[in-house]
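Just so you know, the protein sequences line up as chains R and X, in that order. Residue numbering for the first sequence follows this note's numbering, beginning at 1 and increasing consecutively. Residue numbering for the second sequence follows this note's numbering, beginning at 333 and increasing consecutively.
Treat the hints as calculated values from the structure; they're not laboratory data.
Here are the simulated EDC-like cross-link-like pairs (lysine to aspartate or glutamate), alpha carbons at most 20 Å apart as the crow flies: (1) R:K41 <-> R:E10; (2) X:K650 <-> R:E204; (3) X:K650 <-> X:D635; (4) R:K318 <-> X:E536; (5) X:K650 <-> X:E608; (6) X:K523 <-> X:E608.
2 protein chains.
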Amino acid sequence: MHDSRHTAQEEVLSLLRHADGCISGEELSRRLGISRTAIWKHIKALRSHGYEIRAASGRGYQLVQVPDLLSPTEIQNGLHTRFIARNVYAFDQVDSTNHQAMLMGEEGAADGTVVIADAQSSGKGRLGRRWASPAGVNLYASIVLRPPIAPHRAPQLTFVSAVAVAQAINSFSGLDARVKWPNDILIDDCKVGGLLNEMSAESERVHSVVLGIGLNVNMTASQFPTDLRYPATSLFLSSGRKWPRAALARHLFEKLEQLYHQYLNEGFEPILQQWESLCCWQGRVVEVDRGTDRIRGRFAGLDQTGALLLDAGGTLEKIYSGDVRPSDDETG
Amino acid sequence: MHDSRHTAQEEVLSLLRHADGCISGEELSRRLGISRTAIWKHIKALRSHGYEIRAASGRGYQLVQVPDLLSPTEIQNGLHTRFIARNVYAFDQVDSTNHQAMLMGEEGAADGTVVIADAQSSGKGRLGRRWASPAGVNLYASIVLRPPIAPHRAPQLTFVSAVAVAQAINSFSGLDARVKWPNDILIDDCKVGGLLNEMSAESERVHSVVLGIGLNVNMTASQFPTDLRYPATSLFLSSGRKWPRAALARHLFEKLEQLYHQYLNEGFEPILQQWESLCCWQGRVVEVDRGTDRIRGRFAGLDQTGALLLDAGGTLEKIYSGDVRPSDDETG
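Same shape as in the complex, but just chain R (with noise of 0.2 Å):
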């Protein structure tokens, strides 16, 4: 696990990021105080993870390229907001970013740490449902919020995060992504991701909330589980090319930053407005599986709790939990 605290290697990264083409080694040696074989291992082991940094003799260093990693130093580089992923605590591999959120939560991490992989083991999804997380391929992000609102409007905020990342897809690659009730993003009616968000509260307050973010950003066909419920797609198979994870995560965490302070400022109403439009059913009839049984009606919003509404010949029903999917009969 890397946490954000900066080591030398990191700053032997930054200089070299800022540096206006070559950098020497005895300028980097002199800069951060150390020796210039201390310089080569860093250089050295920045190329063991994927970086490519030319040495041009007499020159000095020069960084190339970089690798498409979920460190916390690439995503911290050039992220402008206050608080989210201000601390990030990144994973090659974890059991699952909101279990160990909620688990920093318990603890007592601050408000808008983020927790992110490169793979889980066993990534959820909502109602305890496995949601498939192959390495180097996609975001799986969960963040830790200490919004100050009462347990019954924390539900809420999984529709600031379904805007957040549906807006940041859609400014940042071009594509249109939707919305679908309760937490799912879509492409072309496909899903490309999903989010999951839980909380520890007490009766009166809320401690810490964990948006979990799982998003499908290069991800190949054959990397999808053959028994999905639902199809689905990846911002790779959507638009045909690969997008670098690390400044589409720096992107939503802006867009987030963003919508929650308007959601603390301004209340459920304009994200609900944004959520309505950004939405894949609007004016549709859908099919809702609750479990139970199944309920047929033409899409007609959300309430202030988040609840789904459905115009069911006349009468308005209220869901509160349910698989959703559009109606092939458009009579209903």
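We have chain R; now place chain X onto it with these hints.
Frame of chain R; chain X shown alone:
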């Protein structure tokens, strides 16, 4: 920490407990398949924990008195529950039983797991307040539950535990304990116990609820902090006698399991009725300090979510969070 697996020492204790008078070292040795020297070591260890064991030459050992220990053995001896306290983790001292129980809940502890401590170094009250937790005199217990309910219903469980604690005190000691909104237990208008209900949940379902119970059992006047918000008492101070903690805990867990089943089978209504019949403010005028303002009115019961209803001059006010006191001016 002691957990509830049985050691040879606990088996020795169990045989002593169920012996009809004396039991010889030879028989203990034979029944447990260990040497007489080992038996003697266990007897010595039990004595060091406060068990009074008489050794009569030629007749063997006799258990004369058990100490007021909150060990799994003492709690589970004669416990009539199906799942509550079937797993007990007992600490001599812990930061907070609720904190440990929340962590165990996150890590998959079984439904009904109990965390109990002889002392707490950071005992928690509601809203981050402190709960005075000296060693050896009181009950500090947290129960992990996994109710199949939606998160917005979880606060109702505070009232299940409040009714359980008040009824357990009353049938165990003959005192007249009452409940005070939202989470206190009173005797003669002095606080004798408090409840802290915490939950871990996602938007559509509860993962675990931890019911924390702090009960002042044998605490003396000098053991109370001097800066209490509210006058306090203990069963000892209110009754003039000391009470065995393990037996009280057992009685409480049995009551709790019974009321929890009633809640799951019949819903919140019968719990609400029992709570209201135990309520200290029935029909009285009270003042609520909500932090930002104060509101005064006649106590008018609870709503379905457990919110306090106040009749403030004809208008029914709903209170979600606050500190309630009786109002001196009865004209409100």
